[in-house]
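Keeping their order, the protein sequence lines are chains A and B.
Just so it is clear: in the first sequence, position 16 is 16 by our numbering, and no numbers are missing.
Just so it is clear: in the second sequence, position 1 is 1001 by our numbering, and no numbers are missing.
Accuracy of the hints is not assured; some may be wrong.
From chain A, some residues computed to sit far from chain B (all C-beta separations above 12 Å) [unchecked claim]: (1) 14; (2) 52; (3) 64; (4) 67; (5) 74; (6) 81; (7) 82; (8) 90.
Each pair of labels, with its calculated beta carbon distance range [claimed, not checked]: (9) A:53 x B:1081: 38 to 48 Å; (10) B:1052 x A:71: 30 to 40 Å; (11) B:1010 x A:59: 28 to 38 Å; (12) B:1030 x A:12: 40 to 50 Å; (13) B:1072 x A:88: 33 to 43 Å; (14) A:15 x B:1081: 27 to 37 Å; (15) B:1052 x A:24: 25 to 35 Å; (16) A:109 x B:1003: 28 to 38 Å; (17) B:1030 x A:63: 29 to 39 Å; (18) B:1042 x A:56: 22 to 32 Å; (19) A:16 x B:1055: 43 to 53 Å.
Rather than coming from a laboratory, the hints here were simulated on the basis of the structure.
Using N, Cα and C, we set each Cβ at its ideal position, and we do this for glycine too.
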Amino acid sequence: SAVISQKPSRDICQRGTSLTIQCQVDSQVTMMFWYRQQPGQSLTLIATANQGSEATYESGFVIDKFPISRPNLTFSTLTVSNMSPEDSSIYLCSGGRETQYFGPGTRLLVL
Amino acid sequence: AQKITQTQPGMFVQEKEAVTLDCTYDTSDPSYGLFWYKQPSSGEMIFLIYQGSYDQQNATEGRYSLNFQKARKSANLVISASQLGDSAMYFCAMRGPNTGNQFYFGTGTSLTVIP
């Protein structure tokens, strides 16, 4: 199994600002994933973060809006840039080998 | 394309009773993995149980068991002896070899355990 920590756990941000979310895994994993979950909905994959290469973004998500870093095999960050109220969501990271384990999530509210 | 379907948006169960949460999937991959996660109101996603497509026996983890019917492409979660703490959202997910380890999630089922 893998233990994943994520911070911040929650934040309230002003429109137009940016927030960087950090995700730490207690073991080395090849791929990490970033998801967004809007209220009452399922998880939507934002991007896959591979160490040593650029992240792979899903349709509807772009690097300028959601830049991702993956400096090593245990850490990744997701930045939500130029935020608007529509970005208010839970953001979750995951990692693991066969099974994906999730961090506790970041609850973001944009005013 | 991979697809996961959960047709029960909400379920109720009496405390100490068993409940089955439905999940069907669609894939052309011969090798895949099926997962169930629990998401309480706190928002964390908790891994519950895993079933591999080549596993001969249904997976079990404590009070959780997975009723895997490969021909029907279903992977229902059975929770026995429900407890109040089981009230949460439950998500079925699938991973295939050609998905780059990406998981596909269903829309979830909200389970409420009634005392």
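Hint by hint, here is what the structure shows:
1. Every C-beta of chain B lies more than 12 Å from that of residue 14 of chain A, the closest at about 22 Å, which supports listing it as non-interface.
2. Non-interface status of residue 52 of chain A relative to chain B is upheld: no Cβ of that chain comes within 12 Å, the nearest being about 15 Å off.
3. The beta carbon of residue 64 of chain A sits about 22 Å from the closest Cβ of chain B, which is more than 12 Å, so the claim that it is off the interface holds.
4. Once the 12 Å rule is applied to beta carbons, residue 67 of chain A is consistent with being away from chain B; the minimum gap is 20 Å.
5. For residue 74 of chain A, the requirement that its beta carbon stay farther than 12 Å from each beta carbon of chain B is met, with the minimum near 17 Å.
6. Distance check for residue 81 of chain A against chain B: the nearest CB is about 23 Å away, which clears 12 Å, and the non-interface claim stands.
7. With a cut of 12 Å on Cβ distances, residue 82 of chain A stays outside the contact zone with chain B, its closest approach being about 24 Å.
8. Under the 12 Å C-beta cut-off, the non-interface status given to residue 90 of chain A relative to chain B is violated; the minimum distance is some 5 Å.
9. Between residue 53 of chain A and residue 1081 of chain B the Cβ separation comes to about 47 Å, which falls inside the hinted range of 38 to 48 Å.
10. Residue 1052 of chain B and residue 71 of chain A have their C-beta atoms about 33 Å apart, which keeps the hinted 30 to 40 Å range intact.
11. At about 29 Å, the beta-carbon gap between residue 1010 of chain B and residue 59 of chain A stays in the expected band of 28 to 38 Å.
12. Evaluation of the 40 to 50 Å hint for residue 1030 of chain B and residue 12 of chain A yields a pass: the beta carbon distance comes to about 47 Å.
13. Separated by about 39 Å at the C-beta atoms, residue 1072 of chain B and residue 88 of chain A satisfy the suggested range of 33 to 43 Å.
14. At about 48 Å, the beta-carbon gap between residue 15 of chain A and residue 1081 of chain B misses the expected band of 27 to 37 Å.
15. The supplied range of 25 to 35 Å is met by residue 1052 of chain B and residue 24 of chain A, whose beta-carbon atoms lie about 28 Å from each other.
16. Distance hint check for residue 109 of chain A and residue 1003 of chain B: the Cβ-Cβ separation is about 32 Å, which falls inside the suggested range of 28 to 38 Å.
17. Here the CB-CB span from residue 1030 of chain B to residue 63 of chain A is close to 34 Å, well matched to the stated 29 to 39 Å.
18. Range check, residue 1042 of chain B to residue 56 of chain A: Cβ separation about 29 Å, and the 22 to 32 Å hint holds.
19. Our hint of 43 to 53 Å for residue 16 of chain A and residue 1055 of chain B holds, since their Cβ atoms are close to 50 Å apart.
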